[in-house]
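Asker: Sequence:
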Amino acid sequence: MKKFYFLISFVIISISCSSDSSEVTVNPNLLQRVDFYPGTSMETRWFFNSDGLLYEITKADGTIVQTFTYDSDNRLAGYTVFNADATSSTHTFSYDSDDSVISIDGESLNYDSSLNAYIFGDLTNYYTSITINIDKLLTYTKTVWVDYDWDGTPVEIINSELGIQYSDNNMVSYFPNESCNYFTYDNKTNPLRNATLAICKAFSFSTTMPWPDNNCISANNVLTHDYCSEDPESEVFHYTFNANDLPLTQTRDNYYLGTYENTTTSINYYYQGDALP
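FYI, the numbering for the sequence shown is -21 to -1, 1 to 256, going by mature numbering (1 follows the signal peptide of the UniProt record, and there is no 0).
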């Protein structure tokens, strides 16, 4: 009988130890979920894995919009977008030892050292060029039609372009075509940067995949957003922070010609260990 009780006790202890060892470590500095424009028709929810990396974007009703997978080095390996018509498309990425994207969907990328840019298409007819900085992030891209003068001289006609400027790991301006966007920042950590940096790097090498959101790429939290001088709109952002000095909420004050119009709750942040609503 004593042997029986000893065996039972051993099994219970073994199960208890096994259960303890399988518990997931919670890191309160890593994101669990982020809700954009909560409570509105535009609401989307971002979900993060145990490493704090974005793996899924859904609508408020749970409909999956996008998913992301990573390789053993936490680089973006795959990306799937789910369309409203129930179709989906998946894209894959491979890298060199320097973490630069070398192929997308199995197609090798063409780097032109004379232009310091990746080229998609035909330089004599129609092409897109992409310029990447040392951090593997997009700085300039343009799509060009090439026409020719009467004497055969090529003339580039820019169909679309985008320029981006950075300072202290923050995106301080970007210029899509003739539009302007200027940003200022606080000195606190933006938790979305590390959570989405692998995605932003991979998408920088693509002609068709925009970054998930402009809140992602900067190291700090955006405070103001202004447009071209002739544009009457501007935005001011406010935050509440938790005990770790990480943002809990972002609200956006909207202005028109410098006059306050309204305030919108733009982001709610939830970290590992937080109770979800």
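To be clear, the hints were calculated from the coordinates, so they are not data collected in a lab. Here a beta-carbon is modelled for each residue, glycine too, at the ideal position from N, C-alpha and C. Be aware that a few hints might be false.
Simulated restraints on C-beta separations [said to hold, decoys possible]:
no. : residue 1 : residue 2 : range
1   : Asn104    : Val3      : 33 to 41 Å
2   : Asn62     : Gly100    : 38 to 46 Å
3   : Ala65     : Asp130    : 52 to 60 Å
4   : Thr228    : Ile81     : 37 to 45 Å
5   : Asp84     : Ile43     : 14 to 22 Å
6   : Asn104    : Asp84     : 29 to 37 Å
7   : Asp210    : Asp91     : 33 to 41 Å
8   : Leu236    : Asp84     : 18 to 26 Å
9   : His204    : Trp129    : 44 to 52 Å
10  : Asn53     : Gln144    : 21 to 29 Å
11  : Thr71     : Asp192    : 17 to 25 Å
12  : Trp129    : Thr71     : 40 to 48 Å
13  : Trp129    : Asn104    : 15 to 23 Å
Asker: Confirm or reject each hint.
Answerer: How the hints compare with the structure:
no. : hint                           : verdict
1   : Asn104 with Val3: 33 to 41 Å   : 53 Å, violated
2   : Asn62 with Gly100: 38 to 46 Å  : 25 Å, violated
3   : Ala65 with Asp130: 52 to 60 Å  : 53 Å, holds
4   : Thr228 with Ile81: 37 to 45 Å  : 40 Å, holds
5   : Asp84 with Ile43: 14 to 22 Å   : 21 Å, holds
6   : Asn104 with Asp84: 29 to 37 Å  : 22 Å, violated
7   : Asp210 with Asp91: 33 to 41 Å  : 35 Å, holds
8   : Leu236 with Asp84: 18 to 26 Å  : 46 Å, violated
9   : His204 with Trp129: 44 to 52 Å : 46 Å, holds
10  : Asn53 with Gln144: 21 to 29 Å  : 27 Å, holds
11  : Thr71 with Asp192: 17 to 25 Å  : 22 Å, holds
12  : Trp129 with Thr71: 40 to 48 Å  : 46 Å, holds
13  : Trp129 with Asn104: 15 to 23 Å : 18 Å, holds
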